[in-house]
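Line by line, the protein sequences are chains A and B.
If you read the first sequence in the working numbering, its first letter stands for residue 59, the second for the next number, and so on.
If you read the second sequence in the working numbering, its first letter stands for residue 59, the second for the next number, and so on.
Derived by calculation from the structure, the hints in this document are not laboratory data.
Hints are supplied without guarantee of correctness; some may be wrong.
As the list makes no split between identical chains, a pair holds if one copy fits it or if it spans any two.
[Claimed, not checked] No more than 20 Å apart at the CA atoms, straight line, and that leaves these computed lysine to aspartate or glutamate pairs for DMTMM-like:
hint : residue 1 : residue 2
1    : Lys165    : Glu292
2    : Lys316    : Glu77
3    : Lys168    : Asp279
4    : Lys165    : Asp279
2 protein chains.
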Amino acid sequence: MNPHRVFNFNPGPATIPTEVMEQARDQFLDYQGCGMGIMECSHRGREFNQVRESAEENLRQLMGISDDYAVLFLQGGASLQFSMVPMNLASGQQPLLYADTGSWAAKAVKEAKLFAPVQVVYSGKAQNYARIEDCESWEMGADDPGYLYVCSNNTIFGTQFHRFPEYPEIPLVADMSSDIASRLVDVNRFGLIFAGAQKNLGPAGVTIVIIRKDLAARSRDKVPTMLKYSTHIEKESCFNTPPTFSIYMVGLVLEWIKKRGGIAGVEADNDHKAALLYRAIDEGDFYRGTVDPACRSKMNATFRLPDESLEAEFIRQATAAGLVGLKGHRSVGGIRASIYNAMPAAGVETLIEFMREFAKANG
Amino acid sequence: MNPHRVFNFNPGPATIPTEVMEQARDQFLDYQGCGMGIMECSHRGREFNQVRESAEENLRQLMGISDDYAVLFLQGGASLQFSMVPMNLASGQQPLLYADTGSWAAKAVKEAKLFAPVQVVYSGKAQNYARIEDCESWEMGADDPGYLYVCSNNTIFGTQFHRFPEYPEIPLVADMSSDIASRLVDVNRFGLIFAGAQKNLGPAGVTIVIIRKDLAARSRDKVPTMLKYSTHIEKESCFNTPPTFSIYMVGLVLEWIKKRGGIAGVEADNDHKAALLYRAIDEGDFYRGTVDPACRSKMNATFRLPDESLEAEFIRQATAAGLVGLKGHRSVGGIRASIYNAMPAAGVETLIEFMREFAKANG
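So that you can see chain A by itself, here it is in the shape it has in the complex (with noise of 0.2 Å):
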């Protein structure tokens, strides 16, 4: 018996392909004959080092990652890169300059200010984070600066850098965690890269770093051992038990990107499903979305009914019709449809079906 699967729109913690699900729960016992689940090996053992291997070897060609990078796989999630980005590379007297396009980068700000001064070279908040501002508006003044930091994707307010600020002589930053492998990007132009894997690459628990090597020097050596990035680079991500299930699960949904034509080919399924999503949003006077149409998520669609209470029932008949995972962030309310690489179109469309006859009942 096939088992019972919704439409999971959630955020993240996040949908991952049926077939990769599949894949994990058929070896789960016994991974490739070995008698033990690959939760069960050593992190030092011949399974667990191929598996770790092969997930960078995929990540490193489905994004292009040269040899001047690392690629690490931590834990603790985007939350703690927040201080080890600046811990680690900040020297204390730079300014290092930051994009408030949301609550995620704010709080990145709030951590960046206990290492060096920070300078906000753009902030949303007066327009209630609906639009992100070509970069070349930005108060870019600062000396010598360290880094400048941006959030790719904002998951509450359902906002996404479509053009990436173009200042070659600083390091990039860039805070991936809601797009990294949903689109292509060129990794040369960024100095590090991070990412939480729990909406586009797997599950919760292993946190994607991409950082070029010479950033990664910059370590003060008051730094704690399992903080400074220096140490994991040189020890392959292993200084201590890497989260290995987690990895594990990144490096299948990797091999289903690949097998999808790569990034590539989940971007142009991104874009088929957000265009269609957002023609529903604006297709009638019912539906209103939240974002500046030039900055809209292909990510997280964000938009908002007539009224709360309608809202509400949205959400209710949603679920009832296994659409789980619609309502908006607590904090700006509202619904939010997250459509990550692994939402397959068919749940796209599930839900456009649904919303039109919801409009219709209640428009």
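Since chain A is already given, all that's left is putting chain B on it; use the hints.
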């Protein structure tokens, strides 16, 4: 068809009870009929909330943890705790006291020195860590120390504290990564207990922290948010996305412990397994235990054979016989059998049978 399962003596990640693995596999794609795997559920949703709350409640009940203590599920392993403990508990002036019973304690000392003066009150180094001297002989003269730190079980050397230091006026901090929930301890005697889950409680990727709440209040303002215990106490381990699947697995293992008579039940089994194995080591001249019998670990039994080439052959033949993970830590060599909670008595009995035959053939 039953999956092929070996007896897995790995030191961690380690064997997980087969019935727990089966349970996790059976609901892998559809957790309790919700249409999603638990790893795809929101960390703020009903399903995962119940998982986390029930895991905490079971751990409290099994270990007898009072409301004076918080129970946290964090990331980063024991190695991150090596830094978090002094980062949060040191005042900067008070000396921190450490007992050096081998590699792990030594690594903890290194991190603590970044935050405060450290006094090593005992070191087993001169005896090659083959025993742990009673705490009455320790150099406890420091004035107003911040805490006293021990590692309750050393996985590499195979030693274990069978009696903890008694200095009621000094908060006792214990790294119990390799023997938590394997024996009854009086939690009230500790200020802070931490443990990576991947030996006795589940998979890698989640760290249990049991902390007396008044100690958590010591943290200074400049500690990064994610590295403050108070952050995670306030947000019940959900300040950011926790490692949900690993916590779920810990929950299943705790239910399994309950069914076996709680910690008293698994402790009786562990005593029995260790007694059998050490008797087999001691019964002739072929095997030689490496640790003072009074300090032997009930979790990791370490022993040598007459020469290294025999040890290599022992490991080769054992592996072929379905007894895996018996190689000693690379820093010390020899044989190590890790017999945590989830190792069935049948595994130890099969190992002993193999040892007897191997000794007869090669003695």
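> Hint by hint, which ones does this structure get wrong, listed from lowest number up?
Replying inline: none
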